[in-house]
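**Q** Sequence:
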Amino acid sequence: MKKYNLYYICSVLLLVLLLKQHPSKAQQAFSNYGNSDCDEDIDIANGYRCNGETSCQSYLTFRFNASYYSAATIGSLLGVDASVIAEINDITKFQPIPTEPKNRIPIIIPVSCSCSGQYYQQRSYYRVQSESETYFTIAKIYQGLTTCRAMMHQNPYKDKTLRMGVDVIIPLRCACPTPNQTASGFKYLLTYTIINGDNLSAIAGSFGADIQSILDANKGINENSIPDFATLLVPLKRPINNVIVNLDADNSKNKWANRWWIWLIIVTVGGIIIALLCFFYHSKWKKQKAEEERKKKQNILVMELGEENTNRVVGTYGYMSLEYAMNGVVSIKIDVFSFGVLLLEIISGKKNNSRYHSEYPLNLIGYAWQLWNEGKGLELTDLAILDESCIPSEVLRCIHVGLLCVQDQATDRPTMVDVVSFLANETIQLSTPKQPAFFINTITKELDALENKSKNYSINNVTISKLDAR
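Going letter by letter, the sequence shown gives residues -26 to -1, 1 to 444 in mature numbering (1 follows the signal peptide of the UniProt record, and there is no 0).
Since the hints were made in silico from the structure, they are not lab data.
For glycine and all other residues, C-beta sits at the position ideal for the given N, C-alpha and C.
Hints may be right or wrong, so weigh each one.
Stated by the list, open to error - Result set (DSSO-like, lysine-lysine): computed pairs, CA atoms no more than 27 Å apart in a straight line:
no. : residue 1 : residue 2
1   : Lys261    : Lys271
2   : Lys271    : Lys260
3   : Lys161    : Lys211
4   : Lys193    : Lys211
5   : Lys350    : Lys271
6   : Lys132    : Lys114
7   : Lys350    : Lys325
8   : Lys67     : Lys114
9   : Lys408    : Lys325
10  : Lys269    : Lys258
11  : Lys269    : Lys408
12  : Lys324    : Lys211
13  : Lys161    : Lys132
What the hints assert, rightly or not - Computed Cβ-Cβ distance ranges for the label pairs, DEER-style:
no. : residue 1 : residue 2 : range
14  : Ala264    : Gly159    : 56 to 64 Å
15  : Lys271    : Ile239    : 42 to 50 Å
16  : Ile248    : His127    : 43 to 51 Å
17  : Asn170    : Lys67     : 24 to 32 Å
18  : Asn347    : Arg268    : 29 to 37 Å
19  : Leu352    : Thr406    : 13 to 21 Å
20  : Ile239    : Ser180    : 39 to 47 Å
21  : Leu238    : Gly194    : 17 to 25 Å
Go ahead and model the full structure; you've got the sequences and the hints to work with.
**A** Pasting the structure below:
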């Protein structure tokens, strides 16, 4: 029990100690050496270490001089859009910055700070102007925003090989908030270049920061001994002048980012195309699924019904299939036969149990079959429906389907589901119909029998009458 009490006590004490720590403490080490010193190879001279977000919006400060006196010239030196510098400092792009000492307020430079290797930086480029320039003189131009050692680490040139026209990579010093700083509300870090006469109180007051957060963000700083052009990190909770700028080190990326409407159109059109494709394939899938369900139900129906025999035949002769009328065989195909007869009757306007041939007493099915084989299927059509609105191809297809339904063998006939598909979809290929049932009416056999019977009465074709009493 005591063991567990000790554990809880230690946990609470540790939590209290952690809460007492300032959230922005030990952000970055502070260098008391001049950042233009090329001989001191210390870690802080290479830049602020990546210990927070991989990229963020940050701020730099730069003080005008005779060569860099406007937003345009300073933006060209630091690789930042001059219009962004002008907006955040409330000046015009080409307006000269006042040169009086009392107005020597540092210019705020918003940059996109990102982690490159182990160090944060905003990358810029400087073209060597004369043979006498070195990393030391270039670092002086950037007023401590870069160091001699940082340039030497990122460029393949030595001081002696810096020739006129060579482009030198300039890693500008910037940093992003740590997770602790972000949790405490700090969203931005400003890299402030110190000059003679600056003090922490005045710096904090200029940017609405507190001295303690500055001290904690710069490890090892000595307020009483800060060299000129050393850089100081100032944590900020709000953007300067309430201007939030979306920056990128690559100007070509900025150019495309500003054309948001192009990306909007591309995304919209792409979304519509994807939606249409999804709708098309979904509809196709639904049709395939419906067809599979239809076949499945059809197979189940066939398995359940199958074929059965009955001793009681009920129906109208001429509309009943041969296997049902003669043998009492019941299946799902007897209704198909009846439908085929009705379809042929509708097209022809005639009944099935009638005679339609001068020499042979064919019923309607036999008559339709004969005309179909002779290529005269349209002659079966009722004259009442032969007008301008009649489409011959549709009439022939209906006759074709009707003949398929009245085929002699039940196994050759389609199902009613197939019949509906044949009539609804003209693209479905139809098989060739086989000979139907009841091709010749039974009256033919009766007439032949009477004719043979009459020949037995008299050789000379004289009839004999026999009188019988009632």
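**Q** Does each hint fit the structure? Answer for all of them.
**A** Results for each hint:
1. For a cut-off of 27 Å, the pair hint linking Lys261 to Lys271 stands: about 15 Å separates their Cα positions.
2. Distance check on the hinted pair: Lys271 and Lys260 sit about 16 Å apart at the alpha-carbon level, within 27 Å; holds.
3. Restraint check for Lys161 and Lys211: satisfied, since their Cα atoms lie roughly 5 Å apart, inside the 27 Å limit.
4. Distance check on the hinted pair: Lys193 and Lys211 sit about 20 Å apart at the alpha-carbon level, within 27 Å; holds.
5. For the given pair, Lys350 sits about 38 Å from Lys271 by alpha-carbon distance, which is inconsistent with the 27 Å threshold.
6. Taking the CA atoms of Lys132 and Lys114, the gap is about 17 Å. The hint holds against a cut of 27 Å.
7. Among the hinted pairs, Lys350 with Lys325 is consistent with the structure: their alpha-carbon atoms are about 19 Å apart, no more than 27 Å.
8. Distance restraint check for Lys67 and Lys114: the Cα-Cα separation of roughly 24 Å lies within the 27 Å cut-off, and the hinted pair is therefore satisfied.
9. Our distance criterion of 27 Å between C-alpha atoms is met by Lys408 and Lys325, whose separation comes to about 21 Å.
10. The straight-line distance between the Cα atoms of Lys269 and Lys258 is roughly 17 Å, inside the 27 Å bound, and the hint therefore holds.
11. Restraint check for Lys269 and Lys408: the C-alpha separation of about 24 Å stays at or below 27 Å, so the hint holds.
12. Distance check on the hinted pair: Lys324 and Lys211 sit about 95 Å apart at the alpha-carbon level, beyond 27 Å; violated.
13. Under the criterion of a C-alpha separation no larger than 27 Å, the hint pairing Lys161 with Lys132 is inconsistent with the structure, at around 38 Å.
14. Separated by about 60 Å at the C-beta atoms, Ala264 and Gly159 satisfy the suggested range of 56 to 64 Å.
15. Judged by the Cβ atoms, the range 42 to 50 Å given for Lys271 and Ile239 holds: they are separated by roughly 48 Å.
16. Range check, Ile248 to His127: about 47 Å between beta-carbon atoms, so the 43 to 51 Å window is met.
17. The given range of 24 to 32 Å is respected by Asn170 and Lys67, whose C-beta atoms sit roughly 30 Å from each other.
18. For Asn347 paired with Arg268, a C-beta distance near 32 Å keeps the hint of 29 to 37 Å intact.
19. For the pair Leu352 and Thr406, the beta carbons lie near 18 Å from each other, so the given range of 13 to 21 Å is met.
20. At about 44 Å, the beta-carbon gap between Ile239 and Ser180 stays in the expected band of 39 to 47 Å.
21. Taking 17 to 25 Å as the suggested C-beta distance range, the pair Leu238 and Gly194 does not conform, at roughly 49 Å.
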